[in-house]
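> Chain residues, written in single-letter form:
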Amino acid sequence: MANLRTGIAFSLIALCVVAAVFAPFLAPFDPFRGGADALLPPGSKSFILGSDHLGRDVLSELIFGARVSLAVGISAALSASVLGLVVGSLAGFFGGWVDGVLMRTSEFFQTLPRFVLALVIVAFFGSGIFKLIIVLAVLSWPPIARLVRAQILSLREATFVEAARLSGMGSLRIIAREILPNALAPVIVTGSLDIASAILLEASLSFFGLGDANLISWGGMLNVAQPYLRQAWWMAVFPGIAISLVVLSFNVLGDALNDALNPRLQETA
Amino acid sequence: MNEIILEVRQLVTEIHQRRGWLRVVDDVSFNVRRGEIVGLVGESGCGKSMTAFSLMQLFPTPAARVTSGQIQFEDRDLAKLTADEMRRVRGAQIAMIFQDPATFLDPLMTLGNQIAEPLRAHNFAGNATARTRELVAQMGLPDPELMVRRYPHQVSGGQKQRALIASAMACAPKLLIADEPTTALDVTVQAQILDLMRDLRDQTGAAILLITHDLGVIAEMCDRVYVMYAGKIVEHNTTRELFRAPRHPYTQGLLRSTVSLESASAELFAIPGTVPNLNELPTGCRFAPRCPIANAQCKQEPPFVANDASAVACWNVERAAASDIWKLEIGS
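Protein sequences appear in the order of chains A and B.
Just so you know, we're using this note's numbering here: the first sequence kicks off at 1 and counts up by one.
Just so you know, we're using this note's numbering here: the second sequence kicks off at 1001 and counts up by one.
Chain A on its own, in the form it takes in the complex (with noise of 0.2 angstroms):
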C-alpha cells in the first residue's frame, strides 16, 4: 500500500517534472496566445481541458505553470535548507552567545505570520520570481535551523561520537563522518515538504495578484478563473487540481524519504 502510494507521488512529480522541463515541445499551443476561441469548454477544438477567456489553452498554461511551481517550490526549499543547516549547525557547535544570537533570530522570524509578511514584502519590493523566492526561504528557514541544532546538540553527546574520539578522530572528521550524516535525513524530509509548501505559498500569493505578472503559474491561473467560476469551471479547477496533487506527492515524497534515509526501518538486505 505504502509502496503504491509513493509510486504514484513519484509518478506525479515525474510527470510535473518533466511538463516543466520540455514545457515547450509537450504543449499543444502557445500558452501566451490568446485568439477568438474563448472559454470553450474541455475537449472542444483540440483544446483538451478548454481555452480561458483571452482564448489561451489551458493544458498549455497547465504545463508552463508547472516551471514557475517547480522553480519556486525547489528552489526556495534548498535555500532554505543551505540557510537552516549553516545556521543550525553554527548554534549547535558553538553554543553559547552564538547560538543565543541565532535561536532568538530564528525564533523571531517564526514568530512572524508568515503569509502576511511575504504579502507585504511582495507589495513592497514587487513581485519578481527570484524575490519569491528568497521570501519564501526567509520565512522558512527557521525550522530547519532548530532541527539541524537539536540534532547535533544530541549527537555531540552521542556515545558513538564518543567512540569516534576514543578512536582518535579529530573534530572536524568526526562532524563530517559521524555527525553530520545522522543529522541530514530529517532535514532532507524536512526540505521535501517544505518544497509543498513553498509550493502552496506562491500559489496563494499569484492567487492574490501578487505572483510574477510575467509568467504563467498555476496560482495566477486560480486568480484569473475567479470572475468565470459561473461560464468557465475548468479554468479554475485543473490548476486547482494540479496545485493538490503536486503538493500532495511532494508531501508523500517527504514520507518515503524519511523510510528510505533510516536504515533502522531498511529489512535485513
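For the record, the hints were derived by calculation from the structure and aren't laboratory data.
As the structure is a computational prediction, the values presented were derived from the model and not from experiment.
Cβ coordinates follow ideal geometry from the N, Cα and C atoms, glycine included.
Please note that a few of the clues may not be correct.
[What the hints assert, rightly or not] The following label-pair restraints were derived from C-beta to C-beta distances:
#1 A:A2 / B:A1063: 44 to 52 angstroms
#2 A:F108 / B:L1081: 20 to 28 angstroms
#3 B:P1289 / A:V98: 44 to 52 angstroms
[Said to hold, decoys possible] Looking from chain A toward chain B, a few residues come up when the C-beta cut is under 10 angstroms (computed):
#4 E157
#5 A158
#6 T159
#7 F160
#8 V161
#9 E162
#10 A163
#11 R165
#12 L166
#13 S167
#14 R173
#15 R177
#16 E178
#17 N182
#18 P186
We have chain A; now place chain B onto it with these hints.
Then chain B, alone, in the frame of chain A:
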C-alpha cells in the same frame, strides 16, 4: 617478565559538581606490562571507568579533569601531551572498547566503514579495505563480505561487540582498555568474547586493561588484579594469589559475595552497608564504616599503600589474614 608499557603514578581525577571538584580517582597507581591482561575490579561508582577515561584524556562528561599524576605510556607522559599529540595516541596506540556495543556504533555507518574509520583517521598506509576484511575474519565474524556491508541494527549484540573490538584493534594498539566489555552480553556470548580477547592478546601481543565488576571474568582472564574501592586502589596482586589469599577485608568480602555452584543453595552474602558518598568520605580508611575489624586507627588515618608487587591498603592485614572475618560478621 615483560617490560612495563603503562605506568600510572598517583593519578588524581576530579569531576565538577555543584559543591566543587570531587575526587573520583584518588591517588591511583598501577602498571601494565606488554602482553599482559590486568584487571581493575570494583563496585559501580568506585572510579574504574573514570580511571580508564583518564588514561585516554577524554571524558564523557565535559566537567572532568586529570588534576595530577603521571601516565607514563612507553616513553611518554600522556598527561603532558598536547591535544593533537594525544589524539594521535587514541585509537592508534591505546584503544578502548565499551560495555554497550550498540550505542558505541554509528547507526548510519556500515560495520566495514566503522572498522576502517580508525585506519583512515590515523592515515593507514596499506590497503584499508583488505585490512578491514582481515580484521573481520580475525574476529570470527561469519561471512566477512556480507558483514562489512551490514548496519549495526542488522547484527546481534555479540557481533556488534566483535565489530567494536575489530575497530579498536584496527591500528594494532599496544594497549586495549576494555570497560565492562561483556556486561551487556549473555553468558555464552560473554565467554566467546573473552576467548576472542585472549586470542587477540596472544596473536598481537597487545596488553589489555580489563575493567569489570565481575570476579568470574577476572579469574578467567587476568594475570594480575587491582581492586578499587571509593576511588582508591585497596589491593593488588597476581590473580592466583588474590583469589587464593585475599588480604584486604573488602577483597575478602567481594570474593565471598560471588555465587558458586556449591554455595548456590545457601543464602547469598553481601557486604553490609554501601559505598560511601564521595562528598562525605570518612577521614580514615574509606572502607572502615563497613569493615568488621575496623579499629580506632582505621577510622582516623588512611592506610598507606606500598607500591610493590603485591600491596594492600589495610592497617590490620595480619588480623584479616588470621581468621575468616566475614564469618564473624555473619555470626554476630
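> If a hint holds in the structure, say so; if it doesn't, say that too.
Verification of the hints:
1. With their beta carbons about 46 angstroms apart, A2 (chain A) and A1063 (chain B) fall inside the hinted range of 44 to 52 angstroms.
2. Between F108 (chain A) and L1081 (chain B) the C-beta distance comes to about 45 angstroms, which lies outside the given range of 20 to 28 angstroms.
3. At roughly 48 angstroms, the beta-carbon separation of P1289 (chain B) and V98 (chain A) lies within the given 44 to 52 angstroms, and the hint holds.
4. Hint status for E157 (chain A): holds, given a least beta-carbon distance of 8 angstroms to chain B, under 10 angstroms.
5. This hint holds: A158 (chain A) has a C-beta 8 angstroms from the nearest C-beta of chain B, less than the 10 angstroms allowed.
6. Of the supplied interface hints, the one on T159 (chain A) holds, with its beta-carbon coming within about 4 angstroms of a beta-carbon of chain B, less than 10 angstroms.
7. Given hint, F160 (chain A) at the interface with chain B, holds; its Cβ is 5 angstroms from that chain's nearest Cβ, closer than 10 angstroms.
8. Taking 10 angstroms as the C-beta cut-off, the interface hint given for V161 (chain A) holds, the closest approach to chain B being about 8 angstroms.
9. Of the supplied interface hints, the one on E162 (chain A) holds, with its beta-carbon coming within about 6 angstroms of a beta-carbon of chain B, less than 10 angstroms.
10. This hint holds: A163 (chain A) has a C-beta 4 angstroms from the nearest C-beta of chain B, less than the 10 angstroms allowed.
11. A distance limit of 10 angstroms between C-beta atoms decides the matter here; for R165 (chain A) the minimum to chain B is near 6 angstroms, and the interface restraint holds.
12. The interface hint given for L166 (chain A) holds, since its Cβ lies 5 angstroms from the closest Cβ of chain B, which is under the 10 angstroms cut-off.
13. Residue-level restraint check for S167 (chain A) holds (minimum Cβ-Cβ distance to chain B is 3 angstroms; threshold 10 angstroms).
14. For the restraint placing R173 (chain A) at the interface with chain B, the shortest Cβ-Cβ distance is roughly 6 angstroms, inside the 10 angstroms limit, so the hint holds.
15. At about 7 angstroms, the closest approach between the beta carbon of R177 (chain A) and any beta carbon in chain B falls short of 10 angstroms, and the interface hint on this residue holds.
16. For E178 (chain A), the interface hint holds, the least distance from its beta-carbon to any beta-carbon of chain B being 5 angstroms, beneath 10 angstroms.
17. Interface restraint check for N182 (chain A): the shortest CB-CB distance to chain B comes to about 5 angstroms, inside 10 angstroms, so the restraint holds.
18. Taking 10 angstroms as the C-beta contact cut-off toward chain B, the hint placing P186 (chain A) at the interface is violated, the least distance being around 12 angstroms.
The structure fails hints 2 and 18 (numbered hints given earlier, in ascending order).
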